[in-house]
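Undergrad: Protein chains in written order, with my numbering: chain A, 1 to 105; chain B, 106 to 562.
Treat the hints with caution; some may be incorrect.
[Said to hold, decoys possible] Calculated cross-link-like contacts (lysine to any residue; reagent style SDA-like; alpha-carbon spacing at most 20 Å): (1) B:Lys179 x B:Val190; (2) A:Lys27 x B:Asp139; (3) A:Lys27 x B:Gln140; (4) A:Lys27 x B:Arg129; (5) A:Lys27 x A:Ala78; (6) A:Lys27 x B:Ala132.
[What the hints assert, rightly or not] Quick look at which bits of chain B chain A covers, simulated, 3 or more residues with Cβ under 8 Å: (7) 124 to 133; (8) 145 to 156.
Don't read these hints as lab results, they were simulated from the structure.
Keep in mind that this is a model prediction, so the values were computed, not measured.
No residue lacks a Cβ here, since even glycine has one placed at the ideal position from N, Cα and C.
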Amino acid sequence: MHGKFDGLGRFADPSLLILTSLADGPKHGYAIMTDITAFSGVGMEPGTLYGALSRLERRGWIRPLAAGERRRPYEITAAGQEVLAEQLRSMQQIVRIARQRTATA
Amino acid sequence: MKPALADRLSRAVVGCYPRRWKQRYAAELLDVLDQHRAGPRTVLSLAGGALSTHLDPDYRMQVRLMPHLSRDAKLGIAIFAVIIVGLPALVILPMIAKDIRESRWEPSSADSVGAIAFSRDQRIMVSATSGPPWEATSTLWDITGQARPRRLSVFEGGSPAAISPDGATVAANAFGGRAQAALWDVTRPRHPVRLAVLSAGLSGALWGEAFSPDGQILAVASTTRLALWDVADPARPRLLRSLAAAPLPSPPGNQGPPVPVGVGQNDLVFSPDGRLLASVSGSDQVSLWDVARPDRATRIATVAGPGDYFAALAFSPRGNLLAGVTYHGSVLVFRVAGPGRPARVAERPGLLASARFPGGGSAQAGPCGGACNFAAAYAVGFTPDGRALTVVIDRPETYPAARDTVFTWQVAGSGDLSGLSTIFRDVNDAQPTLAPGARIVADGALTGGEVHLWTLP
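From just these sequences and the hints, can you work out the full model?
TA: What follows is the structure in structure tokens.
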């Protein structure tokens with residue numbers, strides 16, 4: 001499950017991808033992975049995913065919901081939504097400046 | 106890297122995460138691995154994750170060393186320690202690494218044995234612990250020297266477990282799997298190799314596994330399904346049939362055991378000719394399956410007990426009789442050969458009350474006044490000539506002390522039972538199993554994954 005932008009995967013912050021994936025509703029681990037591949041082309045591996053999930057949970061940006069069988073869905077918290085919005089503003093600024101500079105280059 | 110190898114490595118790496126992390130995340134991470142096609146990147150990402158989690162202060166033990174010493178003094182001590190320890194460590198570390206590699210799947214001291222199975226020649230035995238799916242282990246034993254069983258290897262995956270009659274293949278609960286069995290090649294018994302994971306055709310939790318007498322078919326029972334696999338080539342198992350095996354309703358007023366029913370020994374058994382399969386189905390009835398054509402297997406009959414859950418089953422050597430022992434301590438014999446429905450030909454109730462326990466009192470005098478039946482464990486088997494039936498009841502009353510009570514009857518041609526004899530043996534174990542031939546009792550320990558063998562007189 002490797003996308004055409006896989007080479008760029010190292011530049012994509014797993015936390016940002018996970019928060020984006022959870023922005024439209026709770027998902028369990030494998031659903032997050034497939035969603036990220038679908039919207040970003042980044043094939044995130046389980047080790048990376050769970051490393052980031054445990055960090056996000058500790059920071060209070062996501063929270064686990066009740067597990068069904070072995071699958072535990074996660075949802076984004078209000079703090080996580082704020083962080084995501086902040087990250088997106090920062091990225092928009094980077095995109096705007098990058099566009100200006102590449103246009104004048 | 107082959108996907109099967111990557112998958113195996115990935116699951117092994119999950120086992121290397123810190124214990125606290127595993128308790129929280131391992132089950133769901135393994136669930137992701139079940140669905141993910143693993144490759145080298147998967148293994149690397151998990152190895153990186155395991156390493157960084159070990160370095161994470163939240164998951165490693167924090168110890169403040171020598172807080173009263175200055176930084177320079179600590180540095181001096183550290184350099185001295187490196188010189189003193191470093192050189193021997195270069196020699197010792199590779200040996201430790203080898204030990205760790207070989208003993209990674211040691212059963213923990215808290216693990217109780219949940220399943221025991223024997224090869225037909227009774228040279229190889231497998232025991233499996235009933236711990237959580239990411240910690241449970243199976244142990245392969247050389248029991249040719251019965252007094253001193255030798256542990257050959259320990260590998261991942263726990264109870265239930267079965268071993269093929271030729272002792273070449275072990276089926277155990279798959280590491281991390283809920284209703285997944287794993288097949289292991291144990292032809293090199295010190296170096297078991299996982300061949301395949303069987304997950305299709307099952308749901309719920311696994312409770313039973315049995316190889317057919319010719320070793321070609323593996324029956325795997327979960328709480329809701331019974332699956333038959335062609336394991337002639339255990340590296341390429343083929344699902345032949347998946348059947349609904351939902352527990353049948355209990356009769357009114359039945360006092361079922363307050364433990365997961367069906368979790369026991371020999372609750373899924375093939376007839377000696379491999380044409381019938383009997384399963385307890387977690388109920389007060391035994392299901393009989395016609396598996397002469399495994400791909401067209403069907404339930405042909407159910408036989409009822411005395412309103413009580415069945416705990417263990419055994420076919421007679423000729424396959425014409427099926428004996429079952431129930432949680433409330435009744436033994437029943439059914440005639441299952443010939444035309445017509447299986448018929449009950451013998452019933453002996455009240456074994457539990459006769460099963461003595463340390464202190465020598467009767468069941469009614471025990472601390473639970475005879476209501477401790479749920480804690481008892483059972484095994485049943487016929488002698489090779491079919492003329493005697495043996496039932497072992499392990500009845501713990503004052504933990505961890507327990508007593509095995511062995512009941513033996515003469516079996517008439519009709520299946521009727523007569524001439525009861527009883528012997529007792531004090532044990533500290535809880536899970537008795539009868540080896541084929543009903544001469545050797547294997548008692549699974551409550552702790553440490555040990556098994557103790559003894560021979561009936």
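Undergrad: Just pull the numbers of the violated hints for me, sorted ascending.
TA: none
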